[in-house]
Amino acid sequence: MAASMVLNNVARGAVAIGAGVSLFQSSIYNVDGGFRAVMFDRIFGVQKNTIGEGTHFRLPWFQTPVMMDCRTRPRNISSTTGTKDLQVIQINLRVLSRPDKEHLPWLYSQLGVDYDDRVLPSIGNEVLKAVVAQYNAEQLITMREEVSQQVRKTLTKRADEFHIVLEDVAITDLRFGTEFTAAIEAKQVAQQESERAKFVVLKAEQEKQAAVIRAEGEALAAKMVSDAMEKSPALVELRRIEAAREIAETLSKSRNITYLPNANMLMNLPAQ
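Take the sequence shown: its letter number 205 is residue 214 in our numbering, and every next letter is one higher.
Bear in mind the hints are in silico, worked out from the structure with no lab data behind them. Since the model is a prediction, treat every value here as computed from it, not as a measurement.
Derived CB-CB ranges, DEER-like:
1. Arg82 <-> Arg51: 24 to 34 Å
2. Val210 <-> Ala142: 38 to 48 Å
3. Ser35 <-> Lys162: 43 to 53 Å
The beta-carbon is built from N, C-alpha and C at its ideal position, and this holds for glycine as well.
Could you build all of it, start to finish, from the sequences and the hints given here?
What follows is the structure, given as structure tokens:
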């Protein structure tokens, strides 16, 4: 009888301990690094304060902690829109975003845990269409940095209305329609042909100037020789002697010539 009572007491104690352990485990929760907790109360609703990292207590069943990821996350936003000159382009945007930690209860109660999926694609397309419509297709290429800065400024301001912090916004890809791409290629070919034609014209002009200079030089040289001959007849005789020597040397080396006339027969000069 005594043994039975002891066993019953032990059983009751074990049940009480088990219930206490279970109650304790359900009363604590952990908030991991990079997360914040928003507490939902079954009586008062979403509480206005956020709970930081670490281990915390709650009222079982009455309170439920909701984990919100506060780390920076990347997202790509793609949009097909029209430019100012009615060209259709496809533009891709990379966004690094995180929630404003001070407004996590508002984000959870108004948008839910997937707030970024609900907001960023919508406002991203809205801003891209509004900004791109202010530029021509060619300006999107030549003024890409300015366009990117305007998109960043406008999108950051728009996201701030939903308590979302954008740490970086950048245009990663810009694709034009086939017609505009073909027009750009044709323009580049035309520019290359124009540069080639300019080179040909410049080369012809330089060759013309070189020919004029050469002709002027030859005329000046001929005039100088003529003036020298008029002033000194001995120069003519010197040229005749040099020519006769060259002819004689050439004839002496030829196998078909067995007799070389005297120099006075060739030039009517006194023999040396």
